[in-house]
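Heads up: the sequence lines are chains A and B, in that order. Take 1 as the starting number for the first sequence in full-length UniProt numbering and just add one per residue. Take 1 as the starting number for the second sequence in full-length UniProt numbering and just add one per residue.
Simulated from the structure, these hints should not be mistaken for lab results. Everything numeric in this text was worked out from a predicted model, so none of it was measured. One or more hints might be untrue.
[What the hints assert, rightly or not] Cross-link-like lysine to any residue pairs, in silico, SDA-like; alpha carbons within 25 angstroms at most: (1) K179/B <-> G210/B; (2) K179/B <-> R268/A; (3) K179/B <-> A129/B; (4) K108/B <-> N278/A; (5) K179/B <-> R229/B; (6) K108/B <-> G147/B.
[To be verified] What follows is a list of derived Cβ distance ranges for each label pair: (7) E201/A <-> P107/B: 41 to 51 angstroms; (8) V4/B <-> P304/A: 56 to 66 angstroms; (9) R110/B <-> V266/A: 28 to 38 angstroms; (10) P236/A <-> T12/B: 48 to 58 angstroms; (11) P107/B <-> S27/A: 37 to 47 angstroms; (12) R106/A <-> D261/B: 33 to 43 angstroms; (13) H158/B <-> S27/A: 26 to 36 angstroms; (14) D261/B <-> G71/A: 36 to 46 angstroms.
Even glycine gets a Cβ: it sits at the ideal position worked out from N, Cα and C.
Chain residues, written in single-letter form:
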Amino acid sequence: MDAEAVLDVRDLRVGFGRGVDLVDGVSFSIAPREILGLVGESGSGKSLTSLAIMGLIPAPGRVGGQIGFRGTELLALSEAERRALRGRRIAMIFQDPMSALTPVYRIGWQIAEQIRAHLDLSRRPTETRVLDLLSAMGIADPRRVASAYPHQLSGGLRQRAMIAMALSCDPDLLIADEPTTALDVTVQAQILELILRLRDEFASAVLLITHDLGVVAQIADRVAVMYCGRIAERGPREAMFGAHARVHPYTAGLLGSIPRLHGPRVARLAAIPGSPPNAALRPPGCAFSPRCAHASARCDTPPPIVPLGDAHEIACILPAVAAEPDHV
Amino acid sequence: MSEVLLEARDLTKTYGGGGLLSRRRRARPALDHVSVSVSRGETLGLVGESGCGKSTLGRTLLRLHEPDSGEVFFEGRDIIALSAGDMRRLRPEMQMVFQDSYAALNPKRRIGALLAEPMRVHRRRAGAAWTPAEIAERIDELLDLVGLNRTHLQRYAHEMSGGQRQRVNIARALMLSPKLIVADEPVSALDVSIQAQVVNLLVDLQQRLGLTYVFVSHDLGVVRQIADRVAVMYGGVIVELGDTDTVLHRPAHPYTAALLDAVLDPHLPFRRRASAPPVVTGADSDIGCRYAGRCANVAPLCRQRRPELGGQDGRMVACHFPLA
Numbered sequence: 001m002d003a004e005a006v007l008d009v010r011d012l013r014v015g016f017g018r019g020v021d022l023v024d025g026v027s028f029s030i031a032p033r034e035i036l037g038l039v040g041e042s043g044s045g046k047s048l049t050s051l052a053i054m055g056l057i058p059a060p061g062r063v064g065g066q067i068g069f070r071g072t073e074l075l076a077l078s079e080a081e082r083r084a085l086r087g088r089r090i091a092m093i094f095q096d097p098m099s100a101l102t103p104v105y106r107i108g109w110q111i112a113e114q115i116r117a118h119l120d121l122s123r124r125p126t127e128t129r130v131l132d133l134l135s136a137m138g139i140a141d142p143r144r145v146a147s148a149y150p151h152q153l154s155g156g157l158r159q160r161a162m163i164a165m166a167l168s169c170d171p172d173l174l175i176a177d178e179p180t181t182a183l184d185v186t187v188q189a190q191i192l193e194l195i196l197r198l199r200d201e202f203a204s205a206v207l208l209i210t211h212d213l214g215v216v217a218q219i220a221d222r223v224a225v226m227y228c229g230r231i232a233e234r235g236p237r238e239a240m241f242g243a244h245a246r247v248h249p250y251t252a253g254l255l256g257s258i259p260r261l262h263g264p265r266v267a268r269l270a271a272i273p274g275s276p277p278n279a280a281l282r283p284p285g286c287a288f289s290p291r292c293a294h295a296s297a298r299c300d301t302p303p304p305i306v307p308l309g310d311a312h313e314i315a316c317i318l319p320a321v322a323a324e325p326d327h328v
Numbered sequence: 001m002s003e004v005l006l007e008a009r010d011l012t013k014t015y016g017g018g019g020l021l022s023r024r025r026r027a028r029p030a031l032d033h034v035s036v037s038v039s040r041g042e043t044l045g046l047v048g049e050s051g052c053g054k055s056t057l058g059r060t061l062l063r064l065h066e067p068d069s070g071e072v073f074f075e076g077r078d079i080i081a082l083s084a085g086d087m088r089r090l091r092p093e094m095q096m097v098f099q100d101s102y103a104a105l106n107p108k109r110r111i112g113a114l115l116a117e118p119m120r121v122h123r124r125r126a127g128a129a130w131t132p133a134e135i136a137e138r139i140d141e142l143l144d145l146v147g148l149n150r151t152h153l154q155r156y157a158h159e160m161s162g163g164q165r166q167r168v169n170i171a172r173a174l175m176l177s178p179k180l181i182v183a184d185e186p187v188s189a190l191d192v193s194i195q196a197q198v199v200n201l202l203v204d205l206q207q208r209l210g211l212t213y214v215f216v217s218h219d220l221g222v223v224r225q226i227a228d229r230v231a232v233m234y235g236g237v238i239v240e241l242g243d244t245d246t247v248l249h250r251p252a253h254p255y256t257a258a259l260l261d262a263v264l265d266p267h268l269p270f271r272r273r274a275s276a277p278p279v280v281t282g283a284d285s286d287i288g289c290r291y292a293g294r295c296a297n298v299a300p301l302c303r304q305r306r307p308e309l310g311g312q313d314g315r316m317v318a319c320h321f322p323l324a
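Based on the sequences and whatever the hints tell you, model everything.
Here it is as structure tokens:
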């Protein structure tokens, strides 16, 4: 286990009942103050991965592998021990702040409740902390927001309130599941800026789960791409974006699918044919091979994970093929 | 392609106002004297953030919403003045595709029945009802056009992926050979790899069938891919209107520039960190420019007089101090 890492996930498997593993051997780690972008389309298993880390996989779910958090194996802990970590040292924010906030209490009360649950603070210091947190979120009038009900706030302010709640106990790890997907672009830019600033001020590591490569390219330090429950690629951001980046064919397909705002307009977007497979129907070899333009018979066995560069790896046969002496 | 298919003049629409439980605040209009025209065969993109009025405008253009005032001319006829019966007879010419592909399909009926529905509902067009064989033939044509096949006809909406469902919705909208399609965020709920397929499909269909699109979206990249011209909306008005690349590459309105600046384009990863605009909680101006409260270039004039949409060279802008 990587003792330096805040989070060290090894060979994580998540499944339900007797079904196949929907998350199938996922490994990654996050260093202190690092933002890891976990990218994938719907059904890729990225949200199940985050729920497994939080210990929130419902019955009859099974979770296998290892989840090391600051040197502690989370899967070996009792439910009570995990509950003590959850919200205190590992916090999570969601796409829809309304689902994380109760409509019937004021924002300030809800943030204070989180603090009361985990920290031994009396009333006055708790109140001060709530207002400090809201100001740290870039909210100009924290008192007004603290005394508001969630429905009285805009989407961006609600998102800030939820982030304030998540950070109220100084977590070591913040899991952000599509934190800006429901927001307008100008508000999204503000929230991403906020997450970057908070990483410095609160010294939290961040697991950023998103389908949006633009978000990842903008703020992640490292990126892991998931496809059909497996890691297709992981590496530093710099290695994966930019004109000369060498990436997994799936990552390349995703990037080609995103229309360009600049440069010549293409007649047709380079869409990936077909659609992501249901994990139950996952092909035996490379899960992406049925949609891949480079697929060959050698993709019928699970692809090796091969290094492309410094800490940059892809699960693909192509680099090995290219390296063979008789390859033209 | 300068022949105008659709022209809106001075549309105004205010929601709510007055109910028993309302707080009698003066509601801000969702559309505030909006005029725009769409040529035959072109795609007009409507962009802006939530609440800017883009969806309201899209729906009002089809008279799915009644405007408070103003006119919408479709092939020269003011459709707002039409009787309900005349409007129904005109409906096959103008169709809509929505963002939520699942909500748009009846979950209890098979895809085949859903595709046949438009022809059943409008069966008396040109005096004669379509026979079941004619309907089946038309369904076959459409399945082929949108990239589905006959095995899908027996399915229910929940048995299909989001991309397939949106293809069904597009096929349904095309069943009656419309001239105009208003698409409200049709690809926003789809995964990016599927989104690209559906954008390509919409472009192909337009070329093959000579369709005219009004494409409502918050995604500037998608709009650039599909739209010939783009209208940027803010606070119920069009603040900038022009050729897509002119508007998106040389924005004249500070709001357009701010929107573009906030786009995170993975093709340009290291260009800059998005500079966060200040958090604004203040209300938009009621007297001067609506955007004055958020605008970085605001001047006293902006708070006194509302700028009108004006200009030339394929671009109009509503700003006292345009950037380009």
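Comparing the hints with the structure gives:
1. K179/B <-> G210/B: Status holds; Cα separation ~8 angstroms.
2. K179/B <-> R268/A: holds, 23 angstroms
3. K179/B <-> A129/B: holds, 21 angstroms
4. K108/B <-> N278/A: holds, 23 angstroms
5. K179/B <-> R229/B: The hint holds at about 18 angstroms.
6. K108/B <-> G147/B: holds, 23 angstroms
7. E201/A <-> P107/B: 41 to 51 angstroms: holds, 47 angstroms
8. V4/B <-> P304/A: 56 to 66 angstroms: Given range 56 to 66 angstroms: holds, Cβ gap about 60 angstroms.
9. R110/B <-> V266/A: 28 to 38 angstroms: About 37 angstroms separates the Cβ atoms of R110/B and V266/A, which means 28 to 38 angstroms holds.
10. P236/A <-> T12/B: 48 to 58 angstroms: 53 angstroms Cβ-Cβ, so the 48 to 58 angstroms window holds.
11. P107/B <-> S27/A: 37 to 47 angstroms: holds, 39 angstroms
12. R106/A <-> D261/B: 33 to 43 angstroms: With Cβ atoms ~34 angstroms apart, the hint holds.
13. H158/B <-> S27/A: 26 to 36 angstroms: Holds, since H158/B and S27/A (Cβ atoms, about 34 angstroms apart) stay within the stated range.
14. D261/B <-> G71/A: 36 to 46 angstroms: holds, 42 angstroms
The earlier numbered hints are all upheld by this structure, with none contradicted.
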